[in-house]
Amino acid sequence: MSIFTLVWNYLKARPLNTAINILLLSLGIAVITILLLFNKQLEQKITENARGIDLVVGAKGSPLQLILCNIFHVDFPTGNIKLNEAERFAKHRLVKRAIPLALGDSYQSYRIVGTSQQYAELYKAELQEGNWWKNTLDVTIGANVATIAQLKIGDKFASAHGLAEGGHTHNEHQYHVVGVMKRTNTVLDNLILTNVESVWEMHEEHDSEEAHEDHAELRDSSFIPSPLVPSIAKGDSVKEITSMLIQYRSPMGAIQLPRLVNSQSSLQAASPAFETARLFSIMGVGVDILMAFAYVLIFISGLSIFIALYNSLKERRYDLAIMRSMGASRTKLFVSILLEGGILTLLGSVIGLLMGHGVLVLLSALVEETQKAGIDGFVFYPEEWIILVGSLLLGLLCAVIPAIQAYRTDISKVLAGN
Amino acid sequence: MISIHDLSFQYSAGNSIRFPDFTVTKGEHCLLLGESGSGKTTLLHLLGGLLRNYAGSVKVDNTELAQLSETSLDRFRGQHIGFVFQRNHLVSALSVEKNLMLAPYLAGLKINTERITEVLSGLGLAEKRKSSVTQLSHGQAQRVAIARAVLNKPSIIFADEPTSALDDKNCDRVIHMLMDVAAQNQSTLLVATHDQRLKDKISKQVKLSSS
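So the protein lines, in turn, are chains Z and X. Residue numbers for the first sequence follow this note's numbering, beginning at 1 and rising by one. Residue numbers for the second sequence follow this note's numbering, beginning at 1001 and rising by one.
Source of the hints: derived by calculation from the structure; they are not laboratory data. Some hints could be false.
Calculated pairs, DSS-like style, for lysine-lysine (alpha carbon to alpha carbon, straight line, at most 30 Å) [stated by the list, open to error]:
id, chain 1, residue 1, chain 2, residue 2
1, X, K1153, X, K1026
2, X, K1169, X, K1207
3, Z, K413, X, K1026
4, Z, K413, X, K1153
From the derived model, a few chain X residues whose C-beta atoms are all more than 10 Å from chain Z [stated by the list, open to error]:
id, residue
5, S1121
6, R1129
7, D1167
8, V1206
Between beta-carbon pairs, the in silico distance windows are [as the list claims (entries may be wrong)]:
id, chain 1, residue 1, chain 2, residue 2, range
9, X, E1064, Z, Y407, 20 to 30 Å
10, Z, N311, X, A1055, 31 to 41 Å
11, Z, V379, X, N1112, 45 to 55 Å
12, Z, G390, X, M1179, 56 to 66 Å
13, Z, V379, X, S1121, 55 to 65 Å
14, X, S1121, Z, S2, 22 to 32 Å
15, X, S1069, Z, E315, 24 to 34 Å
16, X, Q1010, Z, G417, 14 to 24 Å
17, X, R1018, Z, L393, 44 to 54 Å
18, X, Q1010, Z, N311, 26 to 36 Å
19, Z, A19, X, S1003, 52 to 62 Å
20, Z, P15, X, S1069, 35 to 45 Å
From a predicted model like this one, the values you see are computed outputs, not experimental measurements. Glycine included, every Cβ here is placed at the ideal spot set by N, Cα and C.
Isolated chain X, as found in the complex:
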């Protein structure tokens, strides 16, 4: 599902970063551990095709990302990958429902309202469907962000520091929620974090050493 080999990335500043080789199989959950500045976000962006021009090999869903043109990479990302970021950024001009509709629309897929209903009620957000996202609490916003990430049934979900700003109780809730929705959609889950509380939640772990 995900395999990286001999991967390195050159920052514009001139310093480059090397990543250890690893493979994640389909449906597997994996933790990407490392201190701040160890390149977790960079690796996640490389895997998600948000960053290009790497050296070595990054294969996602058996596709070498470097071989895709920028537009096909955009499409590939939209259809195969769901992102959950630390800042649960939702488009504030749109309602909850429209934020979710954005995912299939931008990925070039058909909008399926039943799927939206299913995901929303699965995350306990059914009654928030028509709400403005500015009226949501932090927890609700995070759930909408997760809903958005899984809506297209992506084969992979990338989560970048999803829990680092949360207290223990919410941290627990969010990681379980992520694992649950990933399992429901048979998605591979890759969580990049420095949050030590997650260590005993997901057994497969890749450690990045700060250089």
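Next comes chain Z alone, as it looks inside the complex:
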């Protein structure tokens, strides 16, 4: 027998009441947990994916779309830009690194990205097995592509136009898997990397034949390689890429380059930091509404716990008086009621936290999109302690008035039967 056994037995004696109180609170806590985990991980992913990229230069259009398409690979390109125009900025003194991206095709909704080795270096990617792409039509694939789309070294596949599955298939050329990257927990896991030339070759059928001839003619003695795609001569006026990722040499770049790009050319520059902040403020509204809903649930559960304790105390007045007659002090009764509120909310919040994590674990196991986004239910954040402590305080708060009543019970009056 202990104060805990006593309180636990009281809770067990009213199973429905106890269950509904715990359920109400745990639902509220679960929603908060899911939002917390989702938001945190998403934010983390976004920062990780945008790390090292100070500016994206692409065709004019929505700057947010430019970022979504070229950094997170979830949207369609805004259009193409001329390679020679991009080169002008690639050589700028304020640019430390410029990485070309050529998008357009996908395999089983995994995007094929024509780029340079620097792109993989940006995410500190390492090889799990095989090699980096070298020749045209060689690809190195991300970890998710290997596991979910089940591609392996030596496999050949035809790409589909666009991002969706079942688009027009380029059956004429087949990509060849030469390597698999280690998991980086970035967008790289969902990409198929190849060189820019592969993407061009894939689409040359659609292009004019002259472009093909240009390609061969320009390899003469005065050949100066393009800073973006070395196999092409600098200043090529025909070739196009989707965008260019830029890393500044100094903070001055942030002041000068975007203005320079936006004012002097048909190109557009978008800052990942600024656009993702904007994206978060748009998403924030929905998150806020859900959060408010969760707080309402928690408030109602608090109220319900208060009412349950308050009512049960009326029935329990005689119990309390008897316990006093058996030697229980006022403080002991006070503490027992507080403990009852505390146990209820602690159980509710622990179950809520488990439910929250459980939902995300289930989601990432069952829904491929969550898996691709890299949302993990087994990640725990220090904020969950705040949830736990907060709900414990809530329980104590709800129990404090009933506990004071228990403290004040006039034993003699209750026992005398008035």
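Add chain X to chain Z, keeping to what the hints say.
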């Protein structure tokens, strides 16, 4: 064991009540007789430390109750006094055994399961040990209440109208049971009642006159 001297108590309403002086020695059984409203329950609550702020002197086990702080009074009550009330109120959320465990736990004593076995079988309740108290008959509940009162081997047992709701046969049974367990534990037994049937059971009697 119990001695009261020049005792009076002021009700909140303003009217006060005076009690006659009397003494009960250790192991003695005593009947506190009086009509309803004569202050029997008040006196019992004063003796048990459930009511404080009296005038005069109440000594239980050679301790002047007014000198104890509230917490030490709670402890004193738990360790030295057993109560049997007219309504045999048991904590319905707990089993028979846990109801009994409550007595030493709340009194701050060690829980002795052998003692529980001993008391339960002494009152013929051995097989009810794990039962829920809601499943007990009235008679069984009363026996559990008595078991609870004697479990800590209190030096005094106070019984407030233990028999007034019972028929003759059960009245007889309960008063004998109380006297028996009190004798077994060498406890002083003080029964407050207006039940005339008890008059010839216990010889020592204190009469309270209704005022």
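Hint check:
1. X:K1153 x X:K1026: holds, 13 Å
2. X:K1169 x X:K1207: holds, 25 Å
3. Z:K413 x X:K1026: Holds, at about 29 Å.
4. Z:K413 x X:K1153: holds, 26 Å
5. S1121: The claim holds: S1121 of chain X sits with its nearest Cβ about 20 Å from chain Z, beyond 10 Å.
6. R1129: holds, 14 Å
7. D1167: Holds: least Cβ distance 21 Å, greater than 10 Å.
8. V1206: V1206 of chain X clear of chain Z: closest Cβ-Cβ about 19 Å, beyond 10 Å.
9. X:E1064 x Z:Y407: 20 to 30 Å: Holds, since E1064 of chain X and Y407 of chain Z (Cβ atoms, about 26 Å apart) stay within the stated range.
10. Z:N311 x X:A1055: 31 to 41 Å: The hint (31 to 41 Å, Cβ to Cβ) holds, given that N311 of chain Z and A1055 of chain X are roughly 39 Å apart.
11. Z:V379 x X:N1112: 45 to 55 Å: With Cβ atoms ~50 Å apart, the hint holds.
12. Z:G390 x X:M1179: 56 to 66 Å: About 57 Å separates the Cβ atoms of G390 of chain Z and M1179 of chain X, which means 56 to 66 Å holds.
13. Z:V379 x X:S1121: 55 to 65 Å: Given about 58 Å between the Cβ atoms, the range holds.
14. X:S1121 x Z:S2: 22 to 32 Å: With a Cβ separation near 26 Å, S1121 of chain X and S2 of chain Z satisfy 22 to 32 Å, so the hint holds.
15. X:S1069 x Z:E315: 24 to 34 Å: At 30 Å between Cβs, range holds.
16. X:Q1010 x Z:G417: 14 to 24 Å: At 21 Å between Cβs, range holds.
17. X:R1018 x Z:L393: 44 to 54 Å: Between R1018 of chain X and L393 of chain Z, where Cβ atoms are some 51 Å apart, the hint holds.
18. X:Q1010 x Z:N311: 26 to 36 Å: holds, 34 Å
19. Z:A19 x X:S1003: 52 to 62 Å: holds, 54 Å
20. Z:P15 x X:S1069: 35 to 45 Å: holds, 39 Å
When the structure is compared with the earlier hints, no violation turns up for any of them.
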